[in-house]
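Student: The chain contents come next:
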Amino acid sequence: DMKVTQMPRYLIKRMGENVLLECGQDMSHETMYWYRQDPGLGLQLIYISYDVDSNSEGDIPKGYRVSRKKREHFSLILDSAKTNQTSVYFCASSWTGGFAEQFFGPGTRLTVL
Amino acid sequence: GDSVTQTEGLVTLTEGLPVMLNCTYQTIYSNPFLFWYVHYLNESPRLLLKSSTDNKRTEHQGFHATLHKSSSSFHLQKSSAQLSDSALYYCALSGTGNTRKLIFGLGTTLQVQP
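For the protein sequence lines, the chains are A and B, in the order given. If you want the numbering used here, it's the 1-based position in the first sequence plus 7. If you want the numbering used here, it's the 1-based position in the second sequence plus 254.
In short, the hints are calculated from the structure, not lab data. Please note that the accuracy of each hint is not assured.
If you anchor each label on the Cβ, the simulated ranges turn out as follows [to be verified]:
(1) A:Met22 to B:Glu262: 28 to 34 Å
(2) B:Thr307 to A:Asp58: 28 to 34 Å
(3) A:Ser87 to B:Gln336: 27 to 33 Å
(4) A:Met14 to B:Arg300: 18 to 24 Å
Cβ atoms here follow ideal geometry from the backbone N, Cα and C, with glycine treated the same way.
Can you make the complete structure from the sequences, with help from the hints?
Tutor: Written as structure tokens, this is what we have:
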């Protein structure tokens with residue numbers, strides 16, 4: 008069953024708190040992604056991971072960091088969350104290759120108060 | 255750098271009318287890959303269709319698109335809109351350097367009314 012999972016699905020944090028978003032996939036995909044989705048701004052790439060411990064900044068990496076210690080698991084960390092990081096976060100995974108389909112998780116709705 | 259421009263914002267249609275969502279792109283890569291992703295409310299975004307072949311029509315689930323490299327376009331079309339087509343549609347480009355990164359457009363919300 009090809010699936011990308013995300014935990015938690017909903018999260019409310021206060022400004023300054025640390026946030027951990029988790030993503031898993033069961034397809035042995037090498038490449039994983041973290042996006043945020045905001046109205047009118049589309050899907051913005053935060054980080055891309057090409058494999059274990061091989062991570063690269065996306066278009067909006069400031070304020071975020073990632074960790075990938077196992078191929079099937081990719082974490083997004085917000086150290087000292089800010090109110091402007093309130094968003095919906097999507098994880099995705101894909102096979103290698105520019106024509107590969109990205110499979111998305113169900114998203115995490117994060118609210119930073 | 256690479257970029258994608260879509261029909262902006264909200265497109266409202268009456269059921270049964272044709273759908274056309276515009277997508278144009280910019281890239282220096284001579285062999286770009288173009289995608290349409292669809293995001294239904296409370297679901298995950300998913301691939302609708304993709305193409306890398308010039309002037310070849312690609313179809314899936316009643317939607318179709320043709321990559322035209324001469325005009326850098328990949329418009330999404332459907333002959334007759336259904337209520338269930340209401341969703342957010344993203345055009346995306348995999349272009350220069352084949353870095354596995356997709357460049358997404360800002361998205362077009364399609365709202366189909368009875």
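Student: Broken hints, numbered, in rising order?
Tutor: Violated hint: only 3; rest satisfied.
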